[in-house]
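Reconstruct the complex from the two isolated chains, following the hints.
Chains as they are written, first to last, in my numbering: chain A, 1 to 45; chain B, 46 to 198.
Simulated from the structure, these hints should not be mistaken for lab results. There may be inaccurate statements among the hints.
[To be verified] Sample of chain B residues lacking proximity to chain A, with all beta carbon distances greater than 10 angstroms (derived):
| id | residue |
| --- | --- |
| 1 | VAL60 |
| 2 | ARG97 |
| 3 | TYR100 |
| 4 | ARG101 |
| 5 | LYS102 |
| 6 | GLY103 |
| 7 | VAL106 |
| 8 | LEU111 |
| 9 | GLN135 |
| 10 | TYR136 |
| 11 | GLY157 |
| 12 | ARG161 |
| 13 | ARG174 |
| 14 | ALA180 |
| 15 | GLY193 |
[What the hints assert, rightly or not] According to the in silico footprint, chain A covers these stretches of chain B (three or more CB under 8 angstroms from chain A):
| id | stretch |
| --- | --- |
| 16 | 61–67 |
| 17 | 78–87 |
| 18 | 165–172 |
[What the hints assert, rightly or not] Quick list of in silico lysine-lysine cross-link-like pairs, BS3-like style, CA-CA up to 27 angstroms:
| id | chain 1 | residue 1 | chain 2 | residue 2 |
| --- | --- | --- | --- | --- |
| 19 | A | LYS40 | B | LYS166 |
| 20 | B | LYS58 | A | LYS40 |
| 21 | B | LYS49 | B | LYS154 |
| 22 | B | LYS166 | B | LYS58 |
| 23 | B | LYS102 | B | LYS154 |
| 24 | A | LYS26 | B | LYS166 |
| 25 | B | LYS58 | B | LYS154 |
| 26 | B | LYS154 | B | LYS166 |
| 27 | A | LYS26 | B | LYS49 |
| 28 | A | LYS26 | B | LYS58 |
| 29 | B | LYS166 | B | LYS49 |
| 30 | B | LYS102 | B | LYS49 |
| 31 | B | LYS102 | B | LYS58 |
| 32 | A | LYS40 | A | LYS26 |
Where is the CB? At the ideal position from N, CA and C, for every residue including glycine.
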Amino acid sequence: MPRAAADTETTRKRLVRVADEVDEGKAWLATGMDRTELHKRLFGR
Amino acid sequence: MRLKLPRIQRRPKLVYIADSWRDTIGMAQRPDLLPFFDVIQDCIESGHELPRWAYRKGIGVTHDELLEEDGIMHLHLGSRDSNELLYLIQYADHVAYLEINNHLHFTTKPIGAVLRRFHAKAVDRVEARIAGEVADRLRTVKTSIAKGLLPKR
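Same shape as in the complex, but just chain B (with noise of 0.2 angstroms):
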């Protein structure tokens, strides 16, 4: 269910908040990155491709153990090299973003234990969630199929 590709698709996506979200930067005391938290949240949602700015270095070369492990990914707001990440996770038609922080998940052992410990109750309501929607989806087309299938009268 969990996509662990290291950039995000070129397809409009809804974005769900995790409800353990948190913002341990204080975003508030930081305006300079807003523009930058907006154009990601545009381009995810119409389907554009996101900036370069956004992914990390050496990616699609270097390992992402995150990403690779939980499925957990990280975008840069404002550079490659700047220190403030938002971490979420991508599904076929659906993120949902967990918090904004530095790198200091990158340096729990094992990696990302603390973020996965933190929010792991809330992505499994997320993903109950999207499996809901995802249902009633299939159920929706069922139905429209099984109304186009019978005999008109």
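For reference, chain A alone in the conformation it holds in the complex (with noise of 0.2 angstroms):
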């Protein structure tokens, strides 16, 4: 594969994998989280 393909395809694979991580990011648990720091994630205060 010439030098450009294979960089080209090396890329795509990588913005690939980010894509994945972030799709694949979790749900978190609100319950039991201190009501402060919950705020500050949900509302960012």
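Now the structure itself:
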């Protein structure tokens, strides 16, 4: 495979991997969390 | 798996936050609404009945298409007339918060189309996680039963 094509393929794979990781973000449990911390995570305050 | 009940059941439930969570009204600028959010959170976690202001007018009388079609309910922050809503999904032992928004999702055609699409994958992940928890619990129960049934040495 020519160098340029190989680089493109590598980049594509990296992007797919990043997208997969983002897509596999986890739901998180709010129960039991300190209320101030919960507000901060949900509302940024 | 999703409950399509008009009210939150009176039993303690764990609260999950979908990873697609968004606060579109900017609660940071509305500290007056935080106590109402906290009351809802406390009631859900403790299994106490939610106050009347959290539920819409006409509950149980008029249709809530979003709830009936998708199992997505909304609770009011502050009063039954408020335009600040917490959208969530109720399950047997859990709820999943999706977002805080106004009545926008009731104006789309079909109703809830944007909401559904925005949270679809995240809700799948919440439900997979809940299913995993249920499976773990069942395994534990089965193991306990099996141990209890084994003859004692």
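Status of each hint after checking the structure:
1. VAL60: 4 angstroms, violated
2. ARG97: With a cut-off of 10 angstroms, ARG97 (chain B) remains clear of chain A, as the shortest Cβ separation is near 23 angstroms.
3. TYR100: 21 angstroms, holds
4. ARG101: Label holds. Min Cβ-Cβ 22 angstroms, cutoff 10 angstroms.
5. LYS102: 26 angstroms, holds
6. GLY103: 28 angstroms, holds
7. VAL106: 31 angstroms, holds
8. LEU111: The claim holds: LEU111 (chain B) sits with its nearest Cβ about 20 angstroms from chain A, beyond 10 angstroms.
9. GLN135: 14 angstroms, holds
10. TYR136: 12 angstroms, holds
11. GLY157: Holds, since 20 angstroms exceeds 10 angstroms.
12. ARG161: The claim holds: ARG161 (chain B) sits with its nearest Cβ about 17 angstroms from chain A, beyond 10 angstroms.
13. ARG174: Violated, since 6 angstroms does not exceed 10 angstroms.
14. ALA180: 16 angstroms, holds
15. GLY193: 30 angstroms, holds
16. 61–67: Since 5 is at least three, the answer is holds.
17. 78–87: holds (count 3)
18. 165–172: Our answer is that it holds, as 4 residues pass the Cβ test (under 8 angstroms) against chain A, meeting three.
19. A:LYS40 to B:LYS166: Within the cut-off at roughly 24 angstroms; holds.
20. B:LYS58 to A:LYS40: 22 angstroms, holds
21. B:LYS49 to B:LYS154: Roughly 21 angstroms separates the two Cα atoms, so the pair holds.
22. B:LYS166 to B:LYS58: Measuring from Cα to Cα gives roughly 22 angstroms; hence the hint holds.
23. B:LYS102 to B:LYS154: Roughly 22 angstroms separates the two Cα atoms, so the pair holds.
24. A:LYS26 to B:LYS166: 11 angstroms, holds
25. B:LYS58 to B:LYS154: 32 angstroms, violated
26. B:LYS154 to B:LYS166: With Cα atoms ~21 angstroms apart, LYS154 (chain B) and LYS166 (chain B) stay inside 27 angstroms; holds.
27. A:LYS26 to B:LYS49: Cα-Cα ~24 angstroms, so holds.
28. A:LYS26 to B:LYS58: Cα-Cα ~19 angstroms, so holds.
29. B:LYS166 to B:LYS49: 20 angstroms, holds
30. B:LYS102 to B:LYS49: 17 angstroms, holds
31. B:LYS102 to B:LYS58: Judged against 27 angstroms, a Cα distance of about 24 angstroms means the pair holds.
32. A:LYS40 to A:LYS26: 18 angstroms, holds
Going down the numbered hints, you'll see the structure goes against 1, 13 and 25, while the others check out.
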